[in-house]
Structure formats: C-alpha cells, structure tokens
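Enquirer: Letter by letter, the chains look like this.
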Amino acid sequence: MADISLSQMQVPDAVRSAGYWQNVGARLVRDKTAMVAAAVLLLLLLAAIFAPLVAPMDPLDGRMINRLKPIGTPGHLLGTDELGRDMLSRLIWGGRLSLLMGVTPVVLAFVIGSALGIIAGYAGGWTNTLIMRTIDVFYAFPSVLLAVALSGALGAGLGNALLSLTVVFIPPIARVAESVTTRLRSSDFIEAARASGAGALTIVRVHVLGNVLGPIFVYATSLIAVSMILASGLSFLGLGVRPPNPEWGLMLNTLRTAIYVQPWVAALPGAMIFMVSISFNMLSDGLRSAMEVRQ
Amino acid sequence: MFGYTLRRIIYTAPVLLGVAVVCFALVHISPGDPLISILPADASVDLQNRLRTLYGFDRSYPEQFILWLGRALQGDLGTSIATGRPVTTEVMRAVANTLMLAAVATFIGFVLGCFFGFVAGYFSNSPLDKAASAAAVFGVSVPHYWLGMVLVIIFSAQLGWFPAAGAGPGGSSQWKFDMEHLSYMVLPALTMSVIPMGIIARTVRALVAEILAQEFVIGLRARGLSELGVFLHVVKNAAPTALAVMGVQLGYLLGGSILIETVFSWPGTGMLLNSAIFQRDLPLLQGTILVLAMFFVVLNLAVDVLQSALDPRIKR
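Taken in order, these protein sequences are the chains called V and G.
In terms of full-length UniProt numbering, the first sequence has 246 at position 246, counting the first letter as 1, and numbering is strictly consecutive.
In terms of full-length UniProt numbering, the second sequence has 261 at position 261, counting the first letter as 1, and numbering is strictly consecutive.
Check each hint, because a few of them may be wrong.
Claimed, not checked - Listed next, the in silico DMTMM-like pairs over lysine to aspartate or glutamate satisfying Cα-Cα at most 20 Å (straight line):
| no. | chain 1 | residue 1 | chain 2 | residue 2 |
| --- | --- | --- | --- | --- |
| 1 | V | Lys32 | V | Glu292 |
| 2 | G | Lys130 | V | Asp31 |
| 3 | G | Lys130 | V | Glu82 |
| 4 | V | Lys69 | V | Glu82 |
| 5 | V | Lys32 | G | Asp129 |
| 6 | V | Lys32 | V | Asp285 |
| 7 | G | Lys236 | G | Glu180 |
| 8 | G | Lys130 | G | Glu210 |
| 9 | V | Lys69 | V | Asp58 |
FYI, nobody ran anything at the bench for these hints, they're computed from the structure.
Every value quoted in this text rests on a predicted model; they were computed, and no experiment measured them.
When you get a sec, could you build the whole thing from the sequences and use the hints?
Expert: Below you can see the structure in the form of structure tokens.
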C-alpha cells in the first residue's frame, strides 16, 4: 500500500458561495417588471433632484395670457396650468415635494415602528402589552381617516402632513416587527446566545436585527405606494403643501376647475402619482419574491 | 364559539376607549384656544372665562374627558360651531349617504375582485393570470381621487352620460331610489369600487392558488369529480376569508371616503369632515371621526366573529 501523505492529496480550492444579498440582487435583476419599475423611479428621482437643470422653465412663473394651453403647444410641451405656468416644469419640480412627502413618512415609520415592534417582541410581558395595545388603538382607525383627522386638527402644512402620515404608518410596521421578533425569540440560536451569557442588547444587535429587518423592510416598501397616494391626497384636500409650490396632489386640486377646458392637462399630475405608486408596488413585489419573504 | 366571541368583545373594549381618547385629544392637539372660533374678536375677558366654564375647558383633561365621554355615550356629541345644529344629527345624516355609496362600491369591488382573483388563481402564470393580476395592481396603485377626475372627464365632461357632482338633481342631499338619483351614484361608486377590487382580487388569487395546490383537490380530481364540483369546493374554502376581507374593506371605504366625496361633492361624512376642517369646526370634526372610527372597530369585531363562525378551522 502506497503511503500518501496529506500534502499530496488533491484538495479543491474552497469556493465562497454567494452571500444572501448577492442572491437577492441577482434574482431582482432578473425580474424584468421590477427593473422597469426601478428605472422609472430612478429617472423621476434624478429629474426631481436636478429639476433646476432639467426643467425648461421656472415652475412659479406664469403669464395669464398663456393660461390653460393644450398639450403639445410650442414652448409648452405639456401645456400650461390655470395661471399660465409651464406644466412640464411644474411636474418635474413637483416630483421633489411629492416624492419627499411620500417616502419620508415610511422611512420615519420604519425606524420608529421597527424599534417599538422589536422592543415589544423581544421584551414580551408588560412592555409588550403596553406598546402593542397602544399601537392597536391607532391601528383601529382606517388609514385615510387617521391621516385626515390628525392633519386636519394640527392644521394644514408640510410638516403636519408628514407627522400625521408617520403616525399612520407606525402601527402596521410595528405589528409586523413585533410578530417577526416574537417568532424569532424562541428559536434555538437565541436561546443558545442567552445561555452563553449574552446580554439583551447584544442579542438584539447581533442576532435579532439581522433576521428581522429584512421582512420589515420588504413590508415597509409595500407601504410607499399607499403613502404616495395618501400624501398627495392630503395636498389635494388642501392639508399638505401650500400654493404656489408645485406638488402633484395640490396641482391636481387647483386644476380641477379646468377639466372642462383642458381635461388632459388637468389629469397629468394624477398620472404622475399613479406612475410612481404603481412602480413602487411592482418594485416591492419584486423585492418580496427576490427575498423570499412570505407574509 | 361563545367563548371566542366574548373574548373578542372584551379585547375590543379597551381599543374603543383608546379610540375615544384619541378623538378627545384631537381638539387639544389643535393649535390655539379651542374657543377661538366661536368667540367674537372683541370678547371681554369676563365673557371668555364664562364660556370657558360653560364648555368645561377650565377643568383638568381627565375631568373633561369623562364629561365628554359621558355625553357621547348618551348620543350627545356637542353642537356644530358652523351650523349651530347638534353634531349627532349632522353626522347621522351624512353617514347614511356614505354608507350607501360605500356598500354599493364594496359590492361592485367584491364581484369584480372575486372574478379577477378566481381567473388569476385558476390559470396561474398564464396570460390570463397576468392580465387579471395587472388589474389587481392597478386597483391598489391608482390614486382613486385622480381616477374619479378621469372618469368625470370622460363620462361627464366629454360624453355627458352621467352627472359629475352631487347626490341628486338640484343639489338634493336626500337619497331616493330612482333613475335620476342612481345616475348620480354611478361614477363615485365605480371610482370607489377600484380599491376593494384590487385588494380582494389579490387575496382571492393567493387563496385559490393555495387551495388548488392542496392534496384534497388532487384527491377530488382523482375520484373523478367534475371540474365544476372541484370549483365549488374551492369557493367554499375561499369564501370565509374573501368575505372577511370584504367586510374590512367596507369599513375602510366608509372611513376613507373623504377624497372621493370631495371629487364628486357627495354629501357624506367626507364632505362633512372637509367642511369641519376648513371652518375649524372642531366639535364636528371630533364627532365625525369618533363615529366613523367606532363603526370601523365594531365592524371589524363583527367580521372576526362571523368569520370564525363560518370557518370552523379557525381556532383562536
């Protein structure tokens, strides 16, 4: 029998398997619908950020002699609004406030709601009861009603609208965070960490966050579409952004009286809200299946 | 069953109390003196103090809350500052109009949503599924107030088939069941139905696909049951959840009708809220929101109890 030493054995080089996020990214890139949605959103976001460079005209500068021109007017590609301001420029500039108003509440609610939900889920007991029963009260309102009630009582304005919408989105996110964390808390590796003497803070930071933030994040992205519709809806009611600032919901409101004169110009701002909201929905659906989150 | 119902009711009581606290707080988070809108600008300090005592604003918050809740439980939600009429009367009249609109919209949405959902679930991943799922995504993504405007542009401004605003001829706010009144309901009800349509279609699609993948369906087919027979089994299994979603959607529409009612000038709770907000009529705002939120909570309770009665598999 030949004596083969260990060093002579053929050992294949270790290949690092692709990480979780690499897999998610690869799956997401293959999802055509999600990629189209992402491209649309990126384009609108870039247009909004670089509005001063992209927009052909000043969004606040109107001439009454030019009011309510149809789509395709030379110099005003998408027509003009009720005060003779260029629609294309206003739609581009409007993206700034509309996207800001739609996305900010979900981001804030993601941070606050996750924190509340994880604390409630991990601590359990009375802490859980106190936090979750309070959340239940706000969850008991239909979302539109709560948003309108809060911003109606606080008074019109961008800040109040953002605050109201954040309050609207904290309960659903906190509930998801709490249920994911509660399920995780009794799993073996958490038990093991606890048994080996890790403190609550360490366990939450090292073991809990990494496992719960994914599902909560996916859920939160699915709320952005709702948030866009609600935020512009508040402006549409006169509770959000104030004139003359360009914002899609507010533009839709001020153009309502023009539907008998220039119906399709009046419908444009709503088409923008629709485009953004459907793109966020499709991107979120793609993300959910890429991350294999089941809810 | 009885135990579950009782437990659900006991669990709902603190939520209702919390909802009342939030509604009570609305007046107090509102900036400025709550009396400012009813006081004349040159009111003397003496008059201000007398009114403050009269309305109870000089008492502590817990005291005010208990007094307010006591009156609310007896059906007294205060007096509207703008009209001088009792808030309860105003709200009840508006609730009737909104309830009718929301019920019709939920019904249309349920029928369409079930249709799209069943088609998509049955022919999973076929072009039919893609089309039906697209309709569902449309339903949950479209800003409904904009859809309302577009429908008005097409069917009212351009074609002149249906009226654009109001709930009846000559600005009538009293509902009657005749063709004239019904024609006023077509556009707002259609607009409103898009929301439950999308959500019900998504739910039913997932339900049907899940049920069809279960082994008992293979068993039914193996025993030679006709496709219609299998379909009936699927319907029976999907019905409790679909009906529950429908019930919750009715509550959402009732509470969230403000945008659509503003577009169509429908004389319901949404219009009432709108005028309450812009006239700073805080008692009216508070009363309307309290009634709508209470209705939503009670409706959810009823849906839960009914669902567990319909579906014995649900053991909670």
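Enquirer: With a cut-off of 20 Å on the C-alpha distance, tell me whether Lys69 (chain V) and Asp58 (chain V) pass.
Expert: 16 Å, holds
Enquirer: Between the alpha carbons of Lys130 (chain G) and Glu82 (chain V), is the straight-line distance 20 Å or under?
Expert: Violated, at about 40 Å.
Enquirer: Do the alpha carbons of Lys130 (chain G) and Asp31 (chain V) lie within 20 Å of each other, as the hint requires?
Expert: The hint holds at about 14 Å.
Enquirer: Has the given pair, Lys130 (chain G) with Glu210 (chain G), been kept, meaning a C-alpha gap of at most 20 Å?
Expert: Roughly 17 Å separates the two Cα atoms, so the pair holds.
Enquirer: Does Lys236 (chain G) pair with Glu180 (chain G) here, judged by a C-alpha cut-off of 20 Å?
Expert: 39 Å, violated
Enquirer: With the threshold set at 20 Å, check whether the alpha-carbon distance from Lys32 (chain V) to Asp285 (chain V) stays at or below it.
Expert: 12 Å, holds
Enquirer: Check the hint pairing Lys69 (chain V) with Glu82 (chain V) against an upper bound of 20 Å on the C-alpha distance.
Expert: 9 Å, holds
Enquirer: Taken at face value, is the distance from the CA of Asp129 (chain G) to the CA of Lys32 (chain V) at most 20 Å?
Expert: With a Cα-Cα distance of about 17 Å, the restraint between Lys32 (chain V) and Asp129 (chain G) holds, given a limit of 20 Å.
Enquirer: Does Glu292 (chain V) sit within 20 Å of Lys32 (chain V), going by the straight-line distance between their CA atoms?
Expert: 17 Å, holds
Checked against the numbered hints above, the structure violates hints 3, 7; every other hint is satisfied.
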